[in-house]
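**Student:** Read off the chains here:
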Amino acid sequence: VSREELKGHLDLLLLATLRERELHGYALIEELKRGSGGTFDLPEGTIYPALHRLERGGVLSSRWSSASGRRRRVYKLTRKGAAALDVRRLAWRQFSRGVDLVVQEA
Amino acid sequence: VTIEGYLAELRQCLRLGPLAKRRILREVDEHLRQAARRDEGEERAIASFGSPAEVAARFARPRRYVPRAAGASLVAVLAVTAIVASVIGIRSPDLTQTQVTRIVRAYCGGVNAKAICVRVNLRYFREHPELLNRYTR
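So the protein lines, in turn, are chains A and B. Per my numbering, residue 1 is the first one in the first sequence, and the count goes up by one each step. Per my numbering, residue 1001 is the first one in the second sequence, and the count goes up by one each step.
Keep in mind the hints are simulated off the structure, nothing from the lab. Hints are not guaranteed to be accurate.
Just the calculated beta-carbon pair ranges, DEER-fashion [said to hold, decoys possible]:
| # | chain 1 | residue 1 | chain 2 | residue 2 | range |
| --- | --- | --- | --- | --- | --- |
| 1 | B | G1109 | A | R63 | 37 to 47 Å |
| 2 | A | E22 | B | C1117 | 34 to 44 Å |
| 3 | B | A1076 | A | G58 | 26 to 36 Å |
| 4 | A | W92 | B | G1017 | 45 to 55 Å |
| 5 | B | R1044 | A | G37 | 16 to 26 Å |
| 6 | A | F95 | B | T1002 | 36 to 46 Å |
| 7 | A | R89 | B | G1110 | 44 to 54 Å |
| 8 | B | V1080 | A | R89 | 48 to 58 Å |
| 9 | A | R63 | B | S1092 | 54 to 64 Å |
| 10 | A | R70 | B | G1110 | 55 to 65 Å |
| 11 | A | V102 | B | V1080 | 27 to 37 Å |
| 12 | A | S65 | B | G1109 | 46 to 56 Å |
| 13 | B | E1043 | A | R63 | 26 to 36 Å |
Computed from a predicted structure; not experimentally measured. All C-beta atoms in this analysis are idealised placements derived from N, C-alpha and C, irrespective of residue type, glycine included.
The task is simple: from the sequences and hints, build the whole structure.
**Tutor:** In structure tokens, the structure reads:
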């Protein structure tokens, strides 16, 4: 999947990956890769700016966490983020259904 | 390129405040070290992350014209208030307490109306950032 194709969907992917548990950046990238069956092998340098942007928007919150002597910034969904995820998920379903219909017709 | 070298270059490229910069560098440092351990090599980890200039550009925040304008407006209002208060004090030492209070109230009413206008403008431009870009281009 190219970077261009991912544009506009990255926020939804990040929010959806964080919906159940908090993760640090590296684990989030791994989880995205694993959860998508290897389809979303994202350029790693794009993830952190997106996480920071989403945090500034209030849909994510973060804190430093220590694990085996290493400090990592872990991110989790806020209440506003959970609501945003619901809205984006609905919009995505409508969009993908529409694309499916057009593509099948063609 | 080592991780230290990459971080030094990224530090140069980031156009952010010191706190944000420090946090980003720590996160990237942690990420690269973990990736280097997993993927067996710093070079590969660095290559996967992207060039410092590209990464820094993604972290760049849009310029905040509106809050700056609001801040400038507040400073201007405070300055004008101080000037008005001085002029009243110097020019009309014989005004009664009631008269001074009325003048100040009327003036504050004007300032409040101005503040409401600023808030409405801020909300409008937040909802329509494309218009703000057009005006500030």
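**Student:** For every hint, state whether the structure bears it out.
**Tutor:** For each hint, the structure was consulted:
| no. | hint | in the structure |
| --- | --- | --- |
| 1 | B:G1109 to A:R63: 37 to 47 Å | holds, 45 Å |
| 2 | A:E22 to B:C1117: 34 to 44 Å | holds, 42 Å |
| 3 | B:A1076 to A:G58: 26 to 36 Å | holds, 30 Å |
| 4 | A:W92 to B:G1017: 45 to 55 Å | violated, 35 Å |
| 5 | B:R1044 to A:G37: 16 to 26 Å | holds, 22 Å |
| 6 | A:F95 to B:T1002: 36 to 46 Å | holds, 43 Å |
| 7 | A:R89 to B:G1110: 44 to 54 Å | holds, 48 Å |
| 8 | B:V1080 to A:R89: 48 to 58 Å | holds, 50 Å |
| 9 | A:R63 to B:S1092: 54 to 64 Å | holds, 58 Å |
| 10 | A:R70 to B:G1110: 55 to 65 Å | holds, 57 Å |
| 11 | A:V102 to B:V1080: 27 to 37 Å | violated, 59 Å |
| 12 | A:S65 to B:G1109: 46 to 56 Å | holds, 51 Å |
| 13 | B:E1043 to A:R63: 26 to 36 Å | holds, 31 Å |
Hint compliance for this structure: hints 4, 11 are broken, all remaining hints hold.
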